[in-house]
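**Q** Here the protein sequences line up with chains A and B, keeping their order.
Counting from 1, position 191 in the first sequence corresponds to residue 191 in the numbering used here; the numbering is continuous, with no gaps.
Counting from 1, position 34 in the second sequence corresponds to residue 34 in the numbering used here; the numbering is continuous, with no gaps.
Everything hinted at is true.
Computed list of lysine-lysine pairs in PhoX-like fashion (alpha-carbon distance at most 20 Å, straight line): (1) A:K174 with A:K188; (2) B:K54 with A:K219; (3) B:K247 with A:K114; (4) A:K114 with B:K208; (5) B:K249 with B:K191.
Think of the hints as simulated: they come from the structure by calculation, not from any bench.
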Amino acid sequence: MFGRYNGTFCRECGDISVETDVVNGLLTYRRRCEGRTFERILVSKTGEIVISPVEPHNLPENITEFLLMEFSPIVIEPDATQTVYLKFPVEIGVFLESAKDIDVLDIFGLGPQKYTLYGSPTNGLIARCYRSAVYPEIPPVEPFREGVLKLCIHNAYNEWAEVSCAVFDSTDMKIYYDNYVAASATMKIVSKTLAETDFVDAPLRPGMTKAIELNVARKIPVLDRGYLMEWGY
Amino acid sequence: MAFNVTEVLEIPIGVGTITLENILYFAVILTIGVTVARIVSTNVRRALTERLPKNESELLAKLVYYIIILWAFVFALPQLNFDLSGLLVAGGVAGLVIGFASQSVVSNLISGLFLMFERPIKLGDSINVADVSGNVEDVRVLSTVVKTYDGIYVRIPNETVFTSNITNYVHNAARRFTYEIGIRYEDDADKAIRITREVIANHPFALKHPAPSVFVDNLGDNSVNLTVYIWAPARNWWDVRTDLLWKIKQALEANGIEKPFPQRTITFADNLEVKNRAAGKKGDD
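So that you can see chain B by itself, here it is in the shape it has in the complex:
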């Protein structure tokens, strides 16, 4: 019995007049589309990596990717005898059905598009959104991927991101951080302020303007408390914060200014005497 490939391909699959050949063509066109989209978007990403910020190059690469896939899909649809003009007629009813069925998907999609164009967050930004803190790894069409500071992968639906309060720690060029430093009551606060200012002035990323501020903020139970305000570039502030505190501590100690231990002065109402037990024992002997 002869096996004729052409005849096999012309076998209807039972849905209208669609044959196996149509399905094959549809799959081939889509596969080519996806392959071409991947190649082109990879090359776009590679070409733009050094020319544009990472966020923008990723956005362009994704745009190119989805446009090519959409084009391939539209190009392949006639293989399924799908009349695109019929889509307009059926669109009303189908739109309702699909709309109800994929409400959250569409909502995430629209939110994702708004996020891409409004850009409250960019790739690499340090953010807090929906009680998740971390760095933005990816802003996709349906979701945003955040890598927490512990290195955990968190996928947040774009609708949640869009409707939540977004705190972007690096959106502005600079940000301020605060130290509270306690010194002993017998230490010279003016000297401590001068030394602290010098250490800050010597740090390259403790910004010259806005100028740092160091002052006696309050008189605590155990210490005179200095408050230090320092501005740093938003993207380096954590490094500066962790680096400077130890340097200030070392400089203060090198100049004889120390952080006091908790202390309490107790006064007895009945003039209680402290006896030297050891001396007393010797006397008894």
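Next comes chain A alone, as it looks inside the complex:
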């Protein structure tokens, strides 16, 4: 399903159907996903439609840019480093691209969404919440529902640490895809309550295609600054 399309096309995969068709002489984009539909008339001579995975914080509406991954607690000794694999929710973006501009047409995804508060109501932040098991190697995933997140955890603190969640600023997220969607991230434990998280701009395996970043499409410049978890991990 991911890729570039010109003119009319139709792609179906399980509960998802994406197509463009000429209706009453007008090029019409139509998407169906789990019973929800979205339709727009397109006026374009040279534009392409690009379907690509996007940062998972837009559904059902964009209220935050943070992703909180919950997983089974991992107890890690001082100075140790461990790479684990998690599953993260996939959202699919449909972009309109011409020689001069690229813009977001539609974002959809499978499965439920859930949000949570990280930190206190006063100073905390709202984050998209997703629970995953911890895998020692790349787990099998439903390609349009879940992606694989490679997480490298390093305990730079001088005490044992128990980690059961990681919060990411997903505006920094670098997503790659081929048969499945993937991203890589790091987590550095700094103290008893502090940890730094960041995404790594590298494919999980050679040959993967880099996804379009929403902020690039929306022309919003962002600094890749990672995120400092201040309210525990």
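Chain A is already provided as a structure; the job is to place chain B on it using the hints.
**A** Then chain B, alone, in the frame of chain A:
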């Protein structure tokens, strides 16, 4: 008779040595200043709209606007033979006079500056201040504009805003709201609690943490009353509140749990019998 423009422009207007030409130059410089200020601030606003929060882009645009106008004013003042160094000398006396005359204006101005930098409210925030509830439309130098939930424009002087208790409903990331749900005495309260929890868990914006709380709060006259505490993102809480209550009601009814009607059990002291009048009439016939 020849009409000489230069001579006309050099005619004194009767205030010191100021001529019509000076007035014209003063007006032209101010007009240019205001025009440039508008163009620059509009472009600043346009350029920053997608890069900064609306509140900050508006603040910067206004700052740029007033700096340019101030610069134009200072630049134009010499046209009126106004010696800026004299302002310092006259400043003491004039300051007193102006101070008394424009006490409320200055007070609003200072309050506005404090509001802009302290930022207890931002554009778009849902607030209650001086008994006015609504969304902040604009924080100006002298006043704050609130659009009430009925869509009414209300201008509040900044001094009032600054000295009043400000309730900002969306300042924190999350806020809690409460439902009270009554069920019949014969209904299973544990089942009602489980169903309510499930409905809340399925709503994306009913926050997972802090966890929602559902419990039997009291035994009322007509119903067992459940209290439900739910946390939601501050900016979405009203949507969540209005959406969830109906979903909970539907889910409870789908599982045979209903809200009771008011009821009263009456006991007669003298064993009053209820007679079947219809049967009695038939018997009489």
